[in-house]
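If you read the sequences in order, they're chains U and B. Residues 4 to 114 in my numbering are what the first sequence lists, from first letter to last. Residues 3 to 116 in my numbering are what the second sequence lists, from first letter to last.
The hints are simulated quantities; they were obtained by calculation from the structure and are not laboratory data. Note that beta-carbon positions come from the ideal geometry of N, C-alpha and C, so glycine has one too. One thing to keep in mind: the hints can contain errors.
Claimed, not checked - With a straight-line Cα cutoff of 25 Å, these simulated PhoX-like cross-link-like pairs (lysine-lysine) come out:
id : chain 1 : residue 1 : chain 2 : residue 2
1  : U       : Lys111    : U       : Lys71
2  : B       : Lys44     : U       : Lys6
3  : U       : Lys6      : B       : Lys59
4  : U       : Lys60     : B       : Lys59
5  : U       : Lys70     : U       : Lys43
6  : U       : Lys70     : B       : Lys80
7  : U       : Lys111    : U       : Lys60
8  : U       : Lys71     : B       : Lys85
9  : B       : Lys80     : B       : Lys44
10 : U       : Lys40     : B       : Lys85
11 : U       : Lys70     : U       : Lys111
Unchecked claim - Negatives, chain U to chain B, calculated, CB over 10 Å:
id : residue
12 : Asp69
13 : Asp86
14 : Ile103
Unchecked claim - Pair ranges (Cβ atoms, derived):
id : chain 1 : residue 1 : chain 2 : residue 2 : range
15 : B       : Ile99     : U       : Ser54     : 42 to 52 Å
16 : U       : Asp20     : B       : Arg82     : 26 to 36 Å
17 : U       : Thr31     : B       : Thr78     : 29 to 39 Å
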Amino acid sequence: EDKVVQSPLSLVVHEGDTVTLNCSYEVTNFRSLLWYKQEKKAPTFLFMLTSSGIEKKSGRLSSILDKKELFSILNITATQTGDSAIYLCAVLTSGTYKYIFGTGTRLKVLA
Amino acid sequence: EPEVTQTPSHQVTQMGQEVILRCVPISNHLYFYWYRQILGQKVEFLVSFYNNEISEKSEIFDDQFSVERPDGSNFTLKIRSTKLEDSAMYFCASRPIGSYNEQFFGPGTRLTVL
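If we strip away everything but chain B, and leave its shape as in the complex, we get (with noise of 0.2 Å):
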């Protein structure tokens, strides 16, 4: 069964420095999406994409985040320069065009910021 992939499973840097996330939707998903969990904490949204451009974005997605779809088959998230609370379990999913429900996610990817 198709699933959303991410890469690195866990991420360790320290402040300041640029992280790149990486993640693999869900090969004929048009829709992607990134989400964080911050240690405890709920569940939450960052960033819709669709046609390599964002369609929305929450207030936590500020300028040192960016997204990119370098290739046809990876989803990117960038944050330039990591602050400590960044810290947090970063999530991608993905969902099909023509079906506007379910999102498929991936396995997340453990950020910690020292």
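If we strip away everything but chain U, and leave its shape as in the complex, we get (with noise of 0.2 Å):
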């Protein structure tokens, strides 16, 4: 069965720290894992991952893809509390390229 997990699910800190979000995933047909955040209802677009070792990067946020070893990070560096939010890890297949969904990362950065 196809799985995404997400760690840790939850995760608080201050402002300023950085923090790293995990997704390491088993999933057949796989095509490109992206990240999303999810504040009050529908999940932004933050980063879409194809290939190995490629650093995705937008600001205070990055991400990596390691394919060998089926998994993703997601770096926030001098976090504020706007970054509070979860954090989604999602794997596209291929064939009907539907996601599946890990479960989340609650990250609240305090004042």
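Hints are included, so try docking the two chains, each in its own frame, into the full complex.
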């Protein structure tokens, strides 16, 4: 059975801290891995990773994929209270291109 | 910027009633999806839809569920006889033809079955 596992499940940090969120997967028909941020409602897109070892970066956020070890990490540096959210990892499968989501990591950044 | 919209934002219904959740995907998108998220749990795939037919459905998507694209803009999810365990946030998503990656999510409909 396909599965995507995220860790930790929740995390509380202080502003300015750096956090690393983990996502491991066992999915047949892997196409790519995506990170989404979910605040109040709809998940919003952060990154899509298809190739191993190539870091994607957007401001204070960065992410990388290891297709050999089947995991990805999402780093957030100099965290701010606005980073408080649930971070979702999803694997996109080939074929019908459906997402398989992990459970999410709930991040809370304290002022 | 174009976005996926969903109505209603919150629906409360009695067990056994039929509900229809509506989505308007981004206009040039041709692939449509429904996902659900039970409170405190992960987002789960329900069904994908392309060219007026279901491409894939999960085990959750049983005979009580159906999807339809009744016109050129709406994409609906119908639950025929709701159960308590259908209470969840339902997300619609769409993606354009030729793009095999990012799906664009709507804001969701919170369904509460009493």
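Results for each hint:
1. U/Lys111 to U/Lys71: Distance of about 31 Å is beyond 25 Å: violated.
2. B/Lys44 to U/Lys6: 11 Å, holds
3. U/Lys6 to B/Lys59: 17 Å, holds
4. U/Lys60 to B/Lys59: 34 Å, violated
5. U/Lys70 to U/Lys43: Violated - the C-alpha atoms of lysine 43 of chain U and lysine 70 of chain U are around 31 Å apart, more than 25 Å.
6. U/Lys70 to B/Lys80: Violated: lysine 70 of chain U and lysine 80 of chain B sit about 38 Å apart, past 25 Å.
7. U/Lys111 to U/Lys60: 21 Å, holds
8. U/Lys71 to B/Lys85: Judged against 25 Å, a Cα distance of about 42 Å means the pair is violated.
9. B/Lys80 to B/Lys44: 21 Å, holds
10. U/Lys40 to B/Lys85: 30 Å, violated
11. U/Lys70 to U/Lys111: Distance ~29 Å between lysine 70 of chain U and lysine 111 of chain U Cα, so the pair is violated.
12. Asp69: Holds, because the least Cβ-Cβ distance between aspartate 69 of chain U and chain B comes to about 19 Å, which exceeds 10 Å.
13. Asp86: Non-interface label stands for aspartate 86 of chain U: nearest chain B Cβ at 19 Å, farther than 10 Å.
14. Ile103: 7 Å, violated
15. B/Ile99 to U/Ser54: 42 to 52 Å: Since the Cβ atoms of isoleucine 99 of chain B and serine 54 of chain U sit about 23 Å apart, the hinted range of 42 to 52 Å is violated.
16. U/Asp20 to B/Arg82: 26 to 36 Å: 49 Å, violated
17. U/Thr31 to B/Thr78: 29 to 39 Å: 31 Å, holds
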